[in-house]
Amino acid sequence: MVTTYRRAREQRIDSLVNDEDKGTSLWASAWERLKYSPLFWIGAVIITAFVLLAIIGPFLAPHSPGDQLLIGQTSRSRNEIAPAQPGFLLGGDTQGRDLFSRLLVGSRQTLLVGVLATLLGLTGGLILGILAGAFGGWVDTVVMRIVDVMLSIPSLLLAISIAVLFTNPNLTSVIIAVAVTQIPVFARLLRGQMLAQRGSDHVLAARALGVKPGAIVFRHMVPNSLSPVIVQSTLVIATSIIDAAALSFLGLGSQDVDSPEWGQMLGEAQDRIDSHPGLAFWPAICIIVVALGFTLLGESLREAIDPKSRR
Amino acid sequence: ASSDRGSDASSTAPGSGAPGSSASGSGGTSGSAGSGGGAAADTFIFGAAGAPSMFDPLYATDGETFRVARQINEGLIKFTPGTADPEPALATSWESSADGKTWTFTMRDGVKFHDGTTVDAAAACFNLDRMYNQTGAGATQAQYWSDVMGGFKDQKDDAGQPVPSLYAGCQADGNKAVITLNSSTSKFPGVLGLPSYSIQSPTALQQYDANNVQAQGDSFAYPSYATEHPTGAGPYKFQSYDQANNTVTLVRNDDYYGDKAKTATLIFKIIPSETARKQELQAGTIDGYDLPNPADWSGLKDAGFQVEVRPAFNVLYVGLTQGNNPALADLKVRQAIAHALNRQQFVTSQLPEGAKVADIFYPDTVDGYTDDVTKYDYDVDKAKSLLAEAGQSNLTLNFWWPTEVSRPYMPDPKSVFTAFKADLEAAGITVNETSKPWNGGYLDGVEAHQADVFLLGWTGDYNTPDNFIGTFFTRTDNRFNTGTQPWGAELSDQLKAADAIPDKDQRDAAYVEINKKIAADYIPAIPISNSPPAIVVAGNVQGLVASPLTDERFASVSKTG
Amino acid sequence: MLRYTVRRLLQLVLVLFVLSILLFVWLRNLPGGTVTAILGDRATPEKRAELESVLGLDQPIFVQYFKFLGRALTGDFGQSTGVAPGTDALQVFLTRFGATVELAFGAIVLALLLGIPLGYWAARRKGGVLDSGLIVVSLVGIAVPVFFLAFLLKYVFAVRMGLLPPSGRQTPNIDATRVTGLFVLDGLLTREWDASWDAVKHLILPWIALATIPFAVIFRITRASVLEVQGEDFVRTAEAKGLTTSTIRSRHILRNAMLPVITVTGLQTGALLVGAVLTETVFAYPGIGEALAVGFTKKDYPVIQVVVIASAAAFVIINTVVDLLYAVVDPRIRTR
Amino acid sequence: MEKGAHESEPLPDAPAAEQSAITRDADVLLAVDDLKVHFPIRRGVLFDRVVGHVYAVDGVSLAVRRGETYGLVGESGCGKTTLGRAILRLVEPTGGTVHFDGEDVSALKAEPLRQMRQRMQMVFQDPLSSLDPRQSVQSILEEGMRAHGIATAGGAGTARLKELLSAVGLPTSALRKFPHEFSGGQRQRIGIARALAVEPDLIVADEPVSALDVSVQAQVINVLSDLQTDLGLTYVVIAHDLAVVRHISDRVGVMYLGALVEEATSADLYAEPSHPYTRALLSAVPVPDPLVEDSRERILLKGDLPSPANPPSGCRFHTRCPWRQPTRCDDERPVLAELAPGHRVACHYAAEIAAGTLQPHAVETDAIP
Amino acid sequence: MTEALLRVEDLTVRFHRRGVAPMTAVDGVSFAVSPGQTVGLVGESGCGKSVTSLAIMRLLARRGNSVSGTVDFEGTDLLSLPLRAMRDRRGRDLAMIFQDPLSSLNPVVPIGVQVTEVLERHRGMKRGPAMREARELLDSVGIPDPSRRLKEYPHQLSGGMRQRALIAMALACRPRLLIADEPTTALDVTIQAQILTLLRTLVTEHGTALIMITHDLGVVAGLCDEVNVLYAGRVVERADRHELFADPRHPYTHGLLESIPRLDGDPGERLTPIVGSVSDNIPWTDGCAFAPRCSREIDLCRQVTPKLERIAAAGHLGRCHNPVEPVAAHPAEHLRKELS
Ligand SMILES: Nc1ncnc2c1ncn2[C@@H]1O[C@H](COP(=O)(O)OP(=O)(O)OP(=O)(O)O)[C@@H](O)[C@H]1O
Ligand SMILES: Nc1ncnc2c1ncn2[C@@H]1O[C@H](COP(=O)(O)OP(=O)(O)OP(=O)(O)O)[C@@H](O)[C@H]1O
Ligand SMILES: [Mg+2]
Ligand SMILES: [Mg+2]
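Listed in order, the protein sequences are those of chains A, B, C, D and E.
When the count follows this note's numbering, it moves up by one through the first sequence with no breaks and lands on 1241 for the last residue.
When the count follows this note's numbering, it moves up by one through the second sequence with no breaks and lands on 563 for the last residue.
When the count follows this note's numbering, it moves up by one through the third sequence with no breaks and lands on 1616 for the last residue.
When the count follows this note's numbering, it moves up by one through the fourth sequence with no breaks and lands on 397 for the last residue.
When the count follows this note's numbering, it moves up by one through the fifth sequence with no breaks and lands on 320 for the last residue.
Only chain A is shown next, with the shape it has when bound in the complex:
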């Protein structure tokens, strides 16, 4: 209760210390910190490379990912798969398809899984979070109880639950399954932010100005609540990719034979891992590097926009 005066003063001092008299915006000052963060740069480079790959990768693929071009060199009974050879950089997979082409095409699928699952989860979370945060009261209570129930189920179980609902497991079902698990996370985060915004002075000021409630929510509260949500999204892309892989591992992943996804490739390679480690190794490495990239990016962003870490 001790004077808002003190708090305001501290903020001012804080802004003085940090922003050299001239305040800078959240993201601008975050950028100042990020510029010198090697972790951020590593993450950024990985992600850029990955996104580029996802865009052009499928065009670079020397073969169609579904063609069993090397089936003649494949034998399950002798546990033989086609070795690397001219035109087939990494050899074939258990079905005699070109592993390298599948990896290239898989990059796009993997990016799709990560990004779409995140977007979907984000949208769901936004809706719930905005509902709870904008209305408060019983709406908040109801929404948050739902979120509590969702959160009390470990995320992978939720994903499994959703995945089994789909009778035809494919990329879409994986995306939806993973997305659903992210909804409560986003909803929580956003609701917290929205509630904080609700009590903030500038929202009060808008109310005092007679701005209509809808405009207050969408012009003031939502935009100002989004920063941590954006950061979280970066991290969620990484977990989505990993979760999709975990679903594949449990046999619940995409079964689409024509559009390979790295997690799916890793899942399929499980039982050959000791005789043909390459089958699992390449998709695994790709997943790890990309997940690491997003995590690095997300964590360094998180640190950069966190006012607490500004000291």
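No lab work stands behind these hints, which were simulated from the structure alone.
Among these hints, one or two may not hold up.
[Unchecked claim] One-sided excerpt, in silico: chain C residues whose CB lies under 8 Å from chain A:
| id | residue |
| --- | --- |
| 1 | LEU1299 |
| 2 | ILE1301 |
| 3 | VAL1305 |
| 4 | ILE1415 |
| 5 | VAL1417 |
| 6 | ALA1423 |
| 7 | PHE1427 |
| 8 | VAL1554 |
| 9 | VAL1557 |
| 10 | LEU1558 |
| 11 | LEU1572 |
| 12 | ALA1592 |
Keep in mind that this is a model prediction, so the values were computed, not measured.
All C-beta atoms in this analysis are idealised placements derived from N, C-alpha and C, irrespective of residue type, glycine included.
Chain A is fixed; fit chains B, C, D and E with the ligands onto it per the hints.
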């Protein structure tokens, strides 16, 4: 229902033959010997893929339960190791009347159940009557009875009519058990070798309320007989089921009538993951496991493990649902599909060593086998022209394949689908792919005729053609929906008639004819392959005889070193 | 405090109730199911119908639910149909819960033992090579799929090098007595050291695999929290009082920095369960995670129900306990 | 600062009983009658129950005339902000009424209330946090205008914006900038301009200068008083700095624990503080003059402000009052009564204290051994 | 005046940040304090008051800044002392209290422990005696019911009591120098009066030297013997308090006094604020940092950096090329008469 197996295991005082400890002599030497794991010579540890349902085989249908039950129990007959042919077990001999309706079994003398009671004709009849007398939940669970014998004693169908049964009764006549049937069937006597037809101790069955199966919500609760006190006459006795450590422990039955078990303790260690089983074997912590991935065979062999390949006793087929897609009603289209599939390439690239392309719906080890049927070689052009003839050049098929499953006839459904999808597309057929979990829509959907084309197969229970094609096509509302075709009822009648022929040679001839017609005129499905499943044991294991019926008996198994 | 506990427990009941409805309805609407699980590929329409009526599955779903609820309230969740068929589902859960507790507890202890000191260390050397290195390591820990890591560990240490058993919970024929159901503890209680050691050997690799994510999270939260606390005014006050570094570290920095770590540790129990599903599957470790994975493929509804409900309860209870613990450590809450 | 006009003119008699007369008085712009804001304290096992209240504002009556500046002072937590917000109905009052220009604000429905807000505006204490960091100054200023249908587009709008900026002394270039690009004083000017944009009659300024350094504070104070002169605004200014309040207010209300304890013209109040609390407050304010500081007599209050959730019985101030008299002060809550014309005090013994017939108790000294 | 206890010479603190030029927060500040004397450091936010005090205590972060100059405490240069030795002195010879009493107390440690830890550290006392001593300390700073308070946590105390507890901690080892950095800013005026009285008693009765840092000229006027006005990291004016308030010479000091609305001033009077804000400063190297805001700026101001030199009576130093003319009559003369 009693279900405190776990607490039972945890409350027993140390040392007093605790269920969790090995009861053999090595128990005294404690840790150092025990920690040797699979290395102890008088203990055989087998990696099981799943937990047994319980230990009363009457109510079971699954291999994991049967595997344990086969060690504990015997039936009137059993299968000669390594074959599907019957040989004497609790009965030393048997004969049937000319009409095939009366079967007389002569019981072996001096055999005792594990509880010390005597195995005699009365006990045999008691068991068969018990099976026939199942009611309520027990009746729904005793599937091998209803599959083979039909109805139960008091069973009524929806119209209130008694459900017909093959079984008429059993009389104990001195040391002879006389079983009467309502009609002749090819299934007899082979079916008596199935674990479900095991002869168990009447005393124990009564004492532990064996028939008291209760349906509860999603599931069944079993009486303590089935969970704690299975009492058979087999070479091993049930000792414990340690759920905390996922192991079932059996110990040698020293009163067994035949050759005593070679190892004092037989442990089934439940390891659901196939890879984990392999690695445990490699690490020496188990002595063997079932159904190694064909891809691992060569590697395992190279590493000194014995991969025992069983004779193939199964069939994989591509089912064509009649009456679903109008195009499939045309025989030409079905023939075209048969020509389109490159079965040979699939078999060589995706199936284990020893797998063969199948021309009919059962392997050559089954009676009434013939390869003198119409053959559909891989021929894309032929397929295309047949399709063109049928006016189906733009055919689109809804192709279903299962996930979350691996079967002996189909180790990796995805690879089957991948291969055949490509083949069909090469023949100009558009493939709409639908994948569903095995028990998560696939079986249900296929049964409900939702697919045009689907993958399925069958592993035989015993050696009769009826067990294969009889199961597939006798009903007309089967999964191929043959009833919608004019020949569906015809095929059904032929099969029924063949099954009832008492004379084996006549019967076999009848089946050969049926196979020819199926291949030439009907094509309700396209047989793909017979693929041999394997069982693998460590290099120091002797005496395991692989069985086409997966009926391995571990009593003969021993370990060196 | 008591009021808080009661409140949380009542909320828990509410959550469990809603969860049980959702779960029930959802499971019953899945394709496939018990009937298919029991009948397999031998199903015929008559048999299906018969089985459905015997099991009461042909009744309206709410009737089924209230029957289930009635039984569940007496502790009867039905019998397992796939994981350990024929065994009471609650019993399956309880037996396997012990296994998961051993696994999860060990993992979280491992994560705390490594995460806290390293987190502190990194924070004190913020921006240094060591700090960045540890951050990257922890993030790699997050980025590597748990099952893949588990697989690698098993392959290298168990299969290739043969140092540790590749799977399972205890060597089957070891002479071990069960007392509590926690194998490591049992061995210690009965002085069967070899049994304990055997159980520990089975646990080492799963522990490591399962601990990576909690470690990363705890490490990072410790680091962030130490960074924050060490900039607080009261630390400066402590410095101004001339206190020794060790007093400042233990009494002023760590005691405050541990508060978020406690909360996060509680929240990690959820993540541990997820990790357990994967880790236990890879290591064929008979815990509830494996039960769930198997239960899902085998459509073992009773087990899924009891495991999901019980783990949600466990999650909430653990977090309640953690909150209470938090209150014990944080007087601002305790003395409110 | 030109405000002599109002200063000399004492307000008409306004005892509590005749408050309704005030609400009808055409000269009175704002009339607050027995306003109460009680924040419930909720706690409960499953559902939250109200277990008590924070009596943030507990029966405040006051009237503000057109063109006047009314100052509110008091210690932290005494309810100033809550009162200010309750006047604008930014918090819902628990009881009492607020009449603005004869209209009962406390009874307005949502839409009329929103429209009413055009006429009553607020300036916030913390200049940065009360500005949306994601909006440019232009959109901050236009927002209110748009909400009330004041033309914002085209030349008229631009002209209006420029006018607003120049009124608070900011360059036109500020329009495209964002709040963080300004200094504290400039931000507060933006806040004032925002309030002005909708052409209000009343501005409630909640500690408008507290967060600013003295030099900047003076600039903002000047802006406020210039605007009043130019636009004839009415102000309610909340502050904890008595010097600031005295400087800008015509009349001042002193709050203690949610209630007014004294109200007078600012000249009167500082010349003849009559409530013991006001006296203590005035004696505690440091004066930047060593001579004054060395010579003045201090009334040191004991202890801290009691909790507004659990206010003392009787006179709220009796727990700390150096003039406290047995039983009456503890039991009977004094009403705000007229001591002299336009000078209201809520103290049983105000007259005696003013007359010097009642002496304070010896102040307990804080001593270092 | 007695021999100085603490002599700060040419103290300079620079902050280094990657990517930007080093920032000089304190720029050659010198002053001295004697036992029983109170020296004030005043100035607006950001002028370097806190940094000065932290530099004296050597409490600035270990990295990211550089400190030069000397801080002579009874003959030892604190700045060149090994850190270990400095730790021994902090809390014993020189103590400090901070602005925000809540955040300056460890929220999870009872008050008693926070007081006794100083006694245990510097006076080698055992728990029991230390607790007794702590109780007396709390009592002596005017905390009622000290035995109970010892067991309580900071959040259970009111703002004033927290600040008293902090003072008790600072005084535990009877330091000869106390640095108070805005000790009353977070407190209400009535509580501020209590704390200021306490500090005043401390200085007069114990002869403790006090460095009082504040932005409130009123507080300085009532408490300090000598006042240093800081601007942009430099002392711009120093004088005895009577001299300074009666006759401010630096335009900045003058401006500050002019912009404060005063209880003793004329209410209607228009305030004359200093124009602009701190952000308009120029570096000291380019002349006088205050020049851009100064009403008395002359050409010289932008060319030559002014030195701190005597501008009026003895001991009255200023840093200005064009100081304000002496005031004829004291502005508050009439009110002073009234009040006395
Ligand atoms: N939304 C709220 N819910 C509960 N209590 C509140 C709320 N807002 C204010 N209070 C309480 O009401 C009392 C008065 O608060 P208010 O902010 O009006 O005081 P103030 O005089 O403005 O103090 P300050 O000088 O600190 O701004 C305080 O005790 C405060 O804790
Ligand atoms: N850790 C730091 N890193 C960089 N700059 C700093 C740091 N601490 C202080 N400064 C800078 O030093 C200058 C002086 O700061 P200081 O805290 O001493 O001001 P102050 O006079 O105490 O102000 P206030 O009255 O607001 O407390 C400020 O401009 C600030 O930006
Ligand atoms: Mg306020
Ligand atoms: Mg400061």
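Okay, the hints, checked on the actual structure:
no. : hint    : in the structure
1   : LEU1299 : 6 Å, holds
2   : ILE1301 : 10 Å, violated
3   : VAL1305 : 12 Å, violated
4   : ILE1415 : 6 Å, holds
5   : VAL1417 : 11 Å, violated
6   : ALA1423 : 4 Å, holds
7   : PHE1427 : 5 Å, holds
8   : VAL1554 : 4 Å, holds
9   : VAL1557 : 6 Å, holds
10  : LEU1558 : 6 Å, holds
11  : LEU1572 : 7 Å, holds
12  : ALA1592 : 4 Å, holds
Checked against the numbered hints above, the structure violates hints 2, 3 and 5; every other hint is satisfied.
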